[in-house]
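> If you're matching them up, the sequences are chains W, C and L in order.
Going by the working numbering, the first sequence opens with residue 11, and the numbers climb by one from there.
Going by the working numbering, the second sequence opens with residue 579, and the numbers climb by one from there.
Going by the working numbering, the third sequence opens with residue 60, and the numbers climb by one from there.
Mixed in with the good hints, there may be bad ones.
As the list claims (entries may be wrong) - Covered, in the sense of this in silico footprint (three residues per stretch, anywhere, with C-beta under 8 Å from a C-beta of chain L), are these stretches of chain C:
| # | segment |
| --- | --- |
| 1 | 636-643 |
| 2 | 688-698 |
| 3 | 864-870 |
What the hints assert, rightly or not - To give an idea of the chain C side of the interface with chain W (calculated C-beta under 8 Å), a few residues:
| # | residue |
| --- | --- |
| 4 | 602 |
| 5 | 605 |
| 6 | 722 |
| 7 | 725 |
| 8 | 855 |
| 9 | 856 |
| 10 | 857 |
Keep in mind that the hints were calculated from the coordinates and are not lab data.
Keep in mind it's a predicted model, so treat the numbers as computed, not measured.
By construction, the Cβ of each residue, glycine as well, lies at the ideal position given by its N, Cα and C atoms.
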Amino acid sequence: MSTIKSHQLNKTWLAVTAASALALTGCATDGGKSSAGKQRSASGGALKIGLLTSMSGPAGLFGPATRNVAELAAQEINASGGVLGRKVSVVIGDDATNPDTGRQTATRLLNSDGVSVLVGMHTSATREAVLPAARSADTLYMYTPVFEGGTCDPDLFTNGEVPSQQLKQTIPWTQSATGRTKWFLLGNDYAWGRASLDAAKQYITASGGEVVGTAFVPLGTTDFQAVIQKIQQANPGLLLPALVGGDAIAFEKQAYDAGLGNSEAQRLGILYEENTLAGMGPKVTEGMYTSLGYFQSLESPANSAFLTAYRKKFGAEAPTVTSLSEQTYVAIKAWAQAANAAGSTQAKDVAAKLGGLSLDAPAGKVTFEKNRTATQPVYVGRVADGAVRIEKTFTGVAADSKCTG
Amino acid sequence: MNPFVRQLLPIPLAAAAAVLAGPYAGGLLAQFLVLGTVTAALALTWGTAGILNLGHSVTFGAGAYAGAWFSLFAEAHGGAYGSLAGLGAGALLGGVMAWLIAAVGLRRRLDAVGFALVTFVVALAAEQVAGRWTGVTGGFNGLTDIPRFHIGALSFTPTAARGVTAGLAVLVIVLLASLARRPYGVALAAVRDNERRMAALGYDVGAAKTGVFTFTGVVAGLMGAVYVMQVQFVSPGLIGLVMGTNFVVWAMLGSRRTVWGPVVATLVVSAGANLLADAALDYWLLVTGAAFVAAVVLVPDGVAVVVRHRMPARWFPARRVVLGRAAPVADGQAREGLVVRSVGCRFGPFTALRGVDLDLTEPGVHCLIGPNGAGKSTLLDVLSGFTPATDGSWRLNGQDVTGRPPWELTRSGLGRKFQAPSIAGSLTLAENLALARWGRTHGARALVRQRWTANLPPEAWFVLDAAGFADRMDTLAGSLSHGEQQLLELAMTLTAGCDVLLLDEPTAGMTRSETEQVAEVLRGLVHDHGLPVLVVEHDMAFIRSVADRVTVLRGGEVMATGTVAEIESNSEVSAVYVGRAAGGRP
Amino acid sequence: MDQTIALTLGVLSSAAVLALTAVGLSLSFGLMRIINLAHGEFLTVGAYSSVVTADHGLSWGVGLAAAAAVGLGMGALTELLLIRRLYRSPELSILATFGLSIVVRQLIQLAYGKDYRTVANPLPGATQVLGVPFPTYQLLLTGFAVAIVVAVLAVLRFTSLGLRVRAVADDAALSETLGVPSTRVNLVVFATSAALAATAGALVAPLTNVQPDMGLDYVFTAFLVVIVAGRRVAPVLVAALGLAAVQNLTTFWTDPLLARLAILVLAFLAVQVRPSAGFRVAT
């Protein structure tokens, strides 16, 4: 049958509309129960922490560890009395590394599950999509991964490392550690890559260095042949790759083969976390610098307690904890402290207490500022035999921000 | 219930559902309904015109960006009509982009898959551009905090806004569904099934396809703008290939040959994925993927078609087409017939036709014979515009019509019937005839307005009465016998209204009695309706019974012309052809 | 001079990767008109085959053979269970292979996790070509690409199997009447297409990150090659070379983003200007 006889489908359609409307209203009723649950929880049920992260899609690699640390954080909070005397539980949502999906999922967490706080570990694009939803639900939104910075929203706290934290002191340090000053900047073409390299350029110029070339590649690039030749032609002593995950691995493997390894151009990675480094292999990564707010190899009582608890709960083979996940853990712990201090889970009350709150995180001392950024330590690691050795520690590094408290 | 009210009923229902279902479910319902509308628009071009578009997201996304940009711009500059400007700009931009894509792809006569690849490239490029053009599109992060729909000082609460969005989406769906079942939509479906036939009936096939593609671009662009005002953000994902693939997948799941099917599929898949992601975080994608695979295997025609088959037949009454009798044309316009002068046609080094002269100026049956490969069908294809001539000219009713496209030739009065019957088998006889009637007279707009009534000219009724079709008008044309299909197609060709008739082997595959019936019909057409008819034939018995004149083609050239007796007594002709064929079909 | 040589070698090795990833697609798409959105996942499966064999301490060559074998089996299975039902409507292949690609990705993820896996370069180091050092492994890839495309072409041109494949591609119904079993030919073609994809996956694995989504990054460019090449296999090499040249030289002299747009424009133009376009409706 090839004809369109859709008017004949009208009755079918009515039936189906009714059915889907019922189904959706069903969800609504479900949602109603949840918000009833939210109210009930006011008198003793568990408080829900909404975790929006990428369990699938290109950023899906970081999802499992993030989910784990969130559950660990919740367990620890409950062990020390919960929030406002109530237990907390984590509700997790997947954004599939897609902002549109992320917004839908966030709406579910906010409206249907009625979470008390939304914790996000996903791309910036998803954050922008989710923000209006979080705002209209009047729920505090804590965005945790490394990102480009520059957000100024009263309902949004960010504690991920921003370029100013990762680079301002690190760039001059790298120049003096290596005695080199000629930089090539290579980034993925999107908000974070661009903002990071813009910031880098500024710090390089300020510290007497020189940028001999810049290139941006689209996300998902697999062939770096020509980019490598372009870099070789510029002949830099230092290379700052603002590349994410798979792109970083493809680039470094091909660059190493083509004679542009770390020994030719010293790397200063800003998202070269443990997974990505492992993907490149120990030969390729030998000697690279990487700058982030947390590495698993940090030697501090807080970190070893954290890792011991993590492995105890999820096993020795559990997904690697990286800076991206650790920041999520910190955000949840900070929220619980602030909510307890405020005696409320209302966004405004918690935000007021969160500004100025300090805690002893696995990474070191982290302070949530009144301008809703986090002042935190920044580490420069050097890779040796595939492991990150901390080479330099900058403590209490504040994020440049135009936002006011 | 009044059919008009019944059609419009889903609009308030959807709006009410979106309002009553609360901010979460209601918001999603509104959002998914908008996506469903866009999918339905895709299904309209795909299911009717047969255009597979992997880049439907480009028009949708362009509209979304336009809607977002104008809304934000107006907000920043204190303008009160940003939403309206956004909707207008979205529709306009969607339409312009669709028109450009169609102009580039369809003009090149690409097949469905070739065209799909053009749209594939366009979608990839659009995502790149949207991601890079930060000043306008906000780059990778996109644009956020887009104001909700408002008009001047009248701004809707979130609750009212999702009701408006849902109602608007369903309104557009109702319009699309209505369009699809009007003559316009059915004519497009017939174009998909047989492009040549529709061109021969006088339809400007290229314009029809470009038109419907542009129109659905307008719809997608408009709904893109509606979408951003509902969800309040836009990012390159909306314009890229992933979104484009989603639309195609939803349309296919729902059945691209209906309008409501794709809408329901969009709703069910989107809501389902949402619920599933909640219920089984680690397995939802796996289940979704498996469901798609299962759908292809179990319901390849789409769910809507399957659902329809399980419904009581009385829910789907056949369309009532009223056919009347048009008064005989007494236009007094001179019918000068067809005059062909030294027509030639070469394919590279191969000469198919050379210096062909032919006069079809008087009523009568003129038979064209010749051995296989003599160029008979090529001549018909050239004269009716399907194959370009490389030489010569031909005049129809005194007008030079050399090199005109098929549909223009039909509109000038040239009727063409193909060798293999090419009726639309899924339509009834009456629907086929009605479409044939409108080809010559109706443009797209007229087809949209046209009701299912048509007045057929007397010569068409002559054939229909002779074939005994008058009381079988509501049967499907596909259920006719081969001979009957030939007669139906002849009637359709006459329905378009022609001054000269070109028939390619009208008796091919017919029984003896059917052949005799055709002969009778042809004689009647000549004597009662005064038509000049050119017939390509092999069957000498048939030729003897109908032909007034005979032209013999050989090697692309006219070898002889004369009465049957003259040709049969022509020794040269009998040597190459008649002698061999005299006993029947060669 | 050295730079010219280096750039040329770069273009050649980039073209090699493009051709390797696209040649399988040109079989399924060009010959069978199947739009196989799961082509990238066949490639991923090949890459994981080489990872798994390497984990078991087997050599690189074994990994390559394993990838080809796994790809062949998977392709045959897909054809038998799924693609076979779709020949009457190639458009349905979009939905089917889209679903399949999700399923395969998720299954790989369930089996091997989301972590980046790494395959050691079997031929590290560089070789001097006309005085310019170039990664040995990428030279090898270039050879592989040419060899594989030539082998496929040779089978198509000079064997009776190739004759049957071409006959079915031209007109399946007609070939059936001439006694060519089109279902069996299609099975062979599709399985080969998958095997070629998997082989390509194993070949590029040492150059890139191996993870469940890796195929997505390759499948788009593979489609571009096929779009430029049209419906035939031979132009795949030319198309890959053209795209690689435009991409690499634009990258080198301007920037990689313009390069991405430039190859899209090239693909677009190719569809427009190809004189006997493989995609046109024959009238």
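> Of all the hints numbered above, which does this structure not satisfy? Sort the numbers upward.
1, 7 and 10
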